[in-house]
Structure formats: C-alpha cells, structure tokens
Amino acid sequence: MILHNDRPEDLETPVRHLDQWLTPNDVFFVRQHLPRPTITESDFRLSIQGRVSRQIELSVADLRKLSQHTVPAVLECTGNGRGFFRPRVAGIQWGRGAIGNAEWSGPRLLDLTKLVGADEQAAFVTANGADVGVAKTPDFIRSLPMHKAADPSTLLALNMNGEPLSPLHGFPVRLIVPGWDGTSWVKWVTSLSVTNEPDHGFFMNPAYRFPKHPVPPGSSANPADLDVIEAMPVKSFITGQADGDKIPLSTTTLRGIAWAGEERIMKVEVSTDSGVSWSEAQLSAKALPFTWRLWTLDWKPKAPGYYTILSRATDSAGRVQPIVPVWNPSGYLFNAVDRIGVIVEEG
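Letter by letter, the sequence shown follows residues 1 to 347 of the numbering used here.
Treat the hints with care, as some may be off.
Claimed, not checked - Taking lysine to aspartate or glutamate pairs in the EDC-like style, the calculated list, with each CA pair at most 16 Å apart, reads:
no. : residue 1 : residue 2
1   : Lys300    : Glu280
2   : Lys302    : Glu345
3   : Lys286    : Asp273
4   : Lys212    : Asp227
5   : Lys246    : Asp151
6   : Lys114    : Asp151
7   : Lys212    : Glu230
8   : Lys300    : Glu262
9   : Lys300    : Glu346
10  : Lys148    : Asp225
11  : Lys300    : Asp273
Bear in mind the hints are in silico, worked out from the structure with no lab data behind them.
From a predicted model like this one, the values you see are computed outputs, not experimental measurements.
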C-alpha cells in the first residue's frame, strides 16, 4: 500500500491490484478523516431515531437477522486523482489508487426505514459513525437525500467480498451508497436519523462541495456557488501498464478499468499515438451500474520508441471523459482521459 498518513490511516492501492474485477480486501484503499475507533461487536448498537414511529437500537445479530442483499459497487474517494491537477491543490495527493470494487452485503437501508416507520415526507437520512474528532476537529456526519436512502442498492454492509468488514473498512457496519462519492459511505455507523433537513456540520458544508460553474485554475470558489457532491463522473484508468514501462516490439495486451457512478460503461477507446487515432477496446461481459468493467486492447507497435497511451470511457448517459479535467480548489472529481508513456524496445 502507498502510505499517505498513518493516523488517521490513509492508504492508497497500487494500480497493479486494480487489474481485476474485485479488489482484494487486504489491498483495498483506506480513507479516514478521524482516528479509527475501537469497537467490539458485543457492545455495538445502531440507533435509529428522528421522524420515525418508533426509535430502536439494533445489535449486529439483529442486523444479520434482516434480509441480506449483495451489491457490487465501486468505492472511490472524492479526491482520487487530486495529485494530477495543475495547478496543484491542497489535500492528500492521491494518484489513481483511492478506489476499489467490492461486493458489499447487508440489509437495505430502505428496510430499516420501514422497520421504524419513517415519515414518508422526510427528506433525509443522516448517518453518524463511532469516530470522533480530536481537539477542534468536527464530527464526521453525512446526510443522504431520501430518494437515495430508499434506493434498493443502498445498504448497511456487514460483509465485504464475502468477509466481515475489517476495522479499517468500517467494522461492524458501513453505509454503502453505490454510484456516489466515497464521502457518503460512512464507516462504523452507530446512528441513523430521519430528518427534514440535512446536517449542517462541516462535512456537509462547506466540505465536499463542487462549483456549479467552472472557476479559473488557481482561483477560489464562491461558497454560495457550491453544490453537494453526489453521483460520480465517468472515468477510466490504464492498469495493465504503468508510466515509464518498457515493453517489447511485439503484440502487447493493454488493460484497464472503467466506471461511471450510477451509470453503465458502454464503450472504452484507447489511443496509442497521443490521441491522433482511437480504437475501441474489448469490454468484460458484466455491464452493471455502480461497478467497473475491465477492458483490453491488443496492440502491436510499428517501431521502437516512446508512445503516449490514452484511455477514455463513454457511459450510458452519453458522458465522455474530457481531455482536461474541471479544475476546482478542492481537487475533487478528477476524471480526465488517462494517459501513460511507455518505451517500446526491440529484442
């Protein structure tokens, strides 16, 4: 893992581990805003309150007795790729590896809101975890609009890739919000509140917001012109090769991944001549929302030399990766066409 911080832990997945449909748990990236809490299953309780017919507390055993569902979904840090923005912005300088794809299993959030008789007119479900701030650091609290909370894919996960969640990934319960930015995926969830308004704390406003209108690179954004980040953009990475790799003058299979938030990936194109021409890559069979598709393209270089390889994805909404990312002062949602340089050698 690539270490960015050791307390709280911020660990990036090396790109070579992304070259498969499911990302192994032990190399899955970790993002924490606050120190990781210590939780025992026997003491854990999830409280559900607010605009409900009855307030309840549930143990892990109670949650496992509910109907269990599995959803494959990409989890991506909102700042993934921040290190590629120019001019640079403050924050963790993530490369490509603040992302992973997993199968998440647990009860649906919708079933829990029905269990407590949530007000059908309520607008939000607010989630809080067991992690707490140090000194003046604010608590990490996020609010989901009810339409997303009620989506059948939104879960309270107990398992990740068939195994109980580890402490690094939110043991024992993590909110899973497929297609949305990783900030929404609250870990160590201990409290859910059904409300008419979103939480007004720091991690809802001003943090994790994106300019409604593009701002000049290097400038600041008007706080009144920021929207809460929700669904993620279309994106692809080259994972089978790395920048600076040396490859032989023979047929090479280029490989990568592509994903699109709540949409499906429909096409990936690859250029091996700096964008002069493009070839359509072969996509893996599973065309699912929320998750990524693997892509491959066989390429035989014509001569030795240095080549710039690009990948761009198109999704089911017709969105295409841009050549240049939308610069923003927080370094969020980087999704420019991916590029690497390789050196082709004879022999």
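Comparing the hints with the structure gives:
{"no.": "1", "hint": "Lys300 to Glu280", "verdict": "15 Å, holds"}
{"no.": "2", "hint": "Lys302 to Glu345", "verdict": "11 Å, holds"}
{"no.": "3", "hint": "Lys286 to Asp273", "verdict": "29 Å, violated"}
{"no.": "4", "hint": "Lys212 to Asp227", "verdict": "6 Å, holds"}
{"no.": "5", "hint": "Lys246 to Asp151", "verdict": "46 Å, violated"}
{"no.": "6", "hint": "Lys114 to Asp151", "verdict": "13 Å, holds"}
{"no.": "7", "hint": "Lys212 to Glu230", "verdict": "13 Å, holds"}
{"no.": "8", "hint": "Lys300 to Glu262", "verdict": "35 Å, violated"}
{"no.": "9", "hint": "Lys300 to Glu346", "verdict": "12 Å, holds"}
{"no.": "10", "hint": "Lys148 to Asp225", "verdict": "23 Å, violated"}
{"no.": "11", "hint": "Lys300 to Asp273", "verdict": "12 Å, holds"}
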